[in-house]
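Chemist: Each chain, written out:
Number of protein chains: 2
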Amino acid sequence: MNVSEIGEFGLIERLAKAVGADRPESLIVGIGDDAAAWRLGDSLVLATTDSLVEGVHFLPERTPWVDLGWKALAVNVSDIAAMGGDPLFALVTLALPPDTPVENVDGLYAGMQECGREYGVTVVGGDVVRASQVMISVAVIGHADLGADGQAQLMRRDAAKAGFVIAVTGSLGDSAAGLKRLKEGAPADDALVRAHLRPQPPLATGRQAARLEVPCAIDVSDGLLQDLRHVCDLCELGAVVRADAVPLSQQLRSAFTAEEALALACGGGEDYQLVFIAPQETMRLLRASAQVRVTVIGEMDEHPEQRPRLMDASGVEIKLPEAGWDHLRA
Amino acid sequence: MNVSEIGEFGLIERLAKAVGADRPESLIVGIGDDAAAWRLGDSLVLATTDSLVEGVHFLPERTPWVDLGWKALAVNVSDIAAMGGDPLFALVTLALPPDTPVENVDGLYAGMQECGREYGVTVVGGDVVRASQVMISVAVIGHADLGADGQAQLMRRDAAKAGFVIAVTGSLGDSAAGLKRLKEGAPADDALVRAHLRPQPPLATGRQAARLEVPCAIDVSDGLLQDLRHVCDLCELGAVVRADAVPLSQQLRSAFTAEEALALACGGGEDYQLVFIAPQETMRLLRASAQVRVTVIGEMDEHPEQRPRLMDASGVEIKLPEAGWDHLRA
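These protein sequence lines map, in sequence, to chains W and A.
Residues 1 to 330 in this note's numbering are what the first sequence spells out, letter by letter.
Residues 1 to 330 in this note's numbering are what the second sequence spells out, letter by letter.
There could be a bad hint or two in this list.
[Said to hold, decoys possible] Across the chosen pairs, the derived CB separations fall in these ranges: (1) Arg23/A <-> Asp158/W: 29 to 39 Å; (2) Glu13/W <-> Asp189/A: 26 to 36 Å; (3) Glu13/W <-> Pro64/A: 20 to 30 Å; (4) Pro279/A <-> Glu103/W: 37 to 47 Å.
[What the hints assert, rightly or not] Short derived list, chain W residues pointing at chain A, Cβ under 8 Å: (5) Arg23; (6) Ala47; (7) Phe89; (8) Ala95; (9) Gly125; (10) Ser132; (11) Gln251.
If you are wondering where the hints come from, they were derived from the structure by calculation, not from laboratory data.
No residue lacks a Cβ here, since even glycine has one placed at the ideal position from N, Cα and C.
Using the sequences and the hints given, assemble the complete structure.
Modeler: See below:
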């Protein structure tokens, strides 16, 4: 059996089992959430890692290096945001073919610095290695707050309950639409292409949600329905998403048919928006105080066997062609 | 100009300049040391990252996956040890060709877990990506102590002074000798090959050195003389190493000529021993209390123009053929 048969999530599951034997007391969240979390003294440390590989996560000929630098850091900021934490420092591993022009690397660094300034992240370590393929691997370490009761103010994937409502920040589908257009030759300054190349995780809103004790969140990286499935699997719950509630941008609506737009928004991935899952009253408080738009799109229920279901206005299930993204299977 | 012309260290220097503009107050050690360090609440966080790439850092046909797992984690433990800290948690990024057998990955995880148990490190996050070449990138996050005065008990590369003595743990050259033998077809259980495949950083001795206020340390990864050169460059100092004091194992002496053994010990690299640089009295205390052998091999002086010099018993400089390891230039 080779790794493409068990896929990315299968391999991560195996890793969790192999290394999960001696879980230290200080560890609060281990493998399987957006970021790990542990206590250190009177603080909470958060850590996450995510990589971009040439030809797998980005199109080398069509992605400006400065955008690659931004995105490599931003996708990690998104993971910290999904926990309700604050990113602080980053470690950067660059795997580069020896004939890579130095100006490309300078561009990458510039994009990373731009993103770091936006989100308050400083690069404090780096490793540069020779490889046949460009790969940028970033680890971000941050912190989260302890509540007045000494409990961690963290949002976790496994904390949803039946009856909790599901909401999402911003709009979905622009990134997948941008990727589609990028492949078709659209310029890097096309608005949808920008959404793909320069994701902007709603960090402040993630922090605000954690302060309001939103119990559960996940970022939209694999695609809304697949990311919700992670939550359903962990919580042994089902979820219903109302198709007509899924927020779509004006630019997405005008460039694609309604069906295409919905498929991109629910299955496309790489939006780096946040999905919040919370009791109705908590969600009301969040929506009233959030810096970005937070749209209720559905609710959790007790039907895990059906995974997340997408429903039209008349309550009929909509089946989408795409079902998310697994890097090893792809 | 391409990256092979400016090399690994040139690229890391550029990264440090690009991202060094807004150094937050909490940051104590940034790019350029074995690990980064910052204050978080009443604690000190340490973080480092290091990668192993197929064909660059290991010979795929000759390296058992279980040993690869051990080493990928151990080289990061070594960086934390060189700061005087304690490693706690690890994030693991695996880049794998889709046709990699799952049993190889299971072996890798097993080796990583073995190393984690030995050094008290728990893997808390992972990312698995598709790539044409195997690459294992690990980030380790740990902590270090604050002294009674509230100052960080850290050993830094830039803290050497003229007159400080230089000492090294264990013996040097076994790893480079093991790599040579591995290439020649020696089995994985050959003692020198073991030293190459299973480095054992002297973590407890690094902690002890930091408690005794040894100000300066570095781990031996690129090769003794090149690693000392990093210290010389940062401190604008010179260093003298006495060839006859460099500790060599019995197995190295019996397998190689005296000249070969010295070249392997001073230029070979990947020993993952620790070099300590401290005032004579501090070093005496460390040598008396260390759990491993700590051998004085030379001293720092005020002749930076000469970089580290290797001297024979009669005070004549010895020139070695090899001068360390730069992954991008290699």
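Chemist: Is the hinted range of 37 to 47 Å satisfied by the C-beta distance from Pro279/A to Glu103/W?
Modeler: Holds, at about 46 Å.
Chemist: Honestly, do Glu13/W and Asp189/A meet the 26 to 36 Å range at C-beta?
Modeler: The hint (26 to 36 Å, Cβ to Cβ) holds, given that Glu13/W and Asp189/A are roughly 32 Å apart.
Chemist: Between the beta carbons of Glu13/W and Pro64/A, is the distance compatible with 20 to 30 Å?
Modeler: Given range 20 to 30 Å: holds, Cβ gap about 23 Å.
Chemist: Does the interface hint hold: is Ala47/W within less than 8 Å of chain A, judged Cβ to Cβ?
Modeler: Since the shortest Cβ distance to chain A is 6 Å, the answer is holds.
Chemist: Verify the CB-CB distance for Arg23/A and Asp158/W against the hinted window 29 to 39 Å.
Modeler: holds (37 Å)
Chemist: Is the interface hint for Ser132/W satisfied, with its Cβ closer than 8 Å to some Cβ of chain A?
Modeler: With a minimum Cβ separation of about 5 Å from chain A (threshold 8 Å), the hint on Ser132/W holds.
Chemist: Mind checking the CB of Gly125/W against every CB in chain A and telling me if the closest is under 8 Å?
Modeler: holds (5 Å)
Chemist: With 8 Å as the cut and Cβ atoms as the points, is Ala95/W at the interface with chain A?
Modeler: holds (6 Å)
Chemist: Against chain A, with CB atoms and a cut of 8 Å, does the hint on Phe89/W hold up?
Modeler: Check passed: Cβ of Phe89/W comes within 6 Å of chain A, closer than 8 Å.
Chemist: Let me know if the C-beta of Arg23/W comes in closer than 8 Å to any C-beta of chain A, holds or violated.
Modeler: Interface hint status for Arg23/W: holds (7 Å vs cutoff 8 Å).
Chemist: Hint Gln251/W vs chain A: min CB-CB distance below 8 Å?
Modeler: This interface hint is violated because 30 Å lies over the 8 Å limit.
Of the numbered hints stated above, the single one contradicted by the structure is hint 11.
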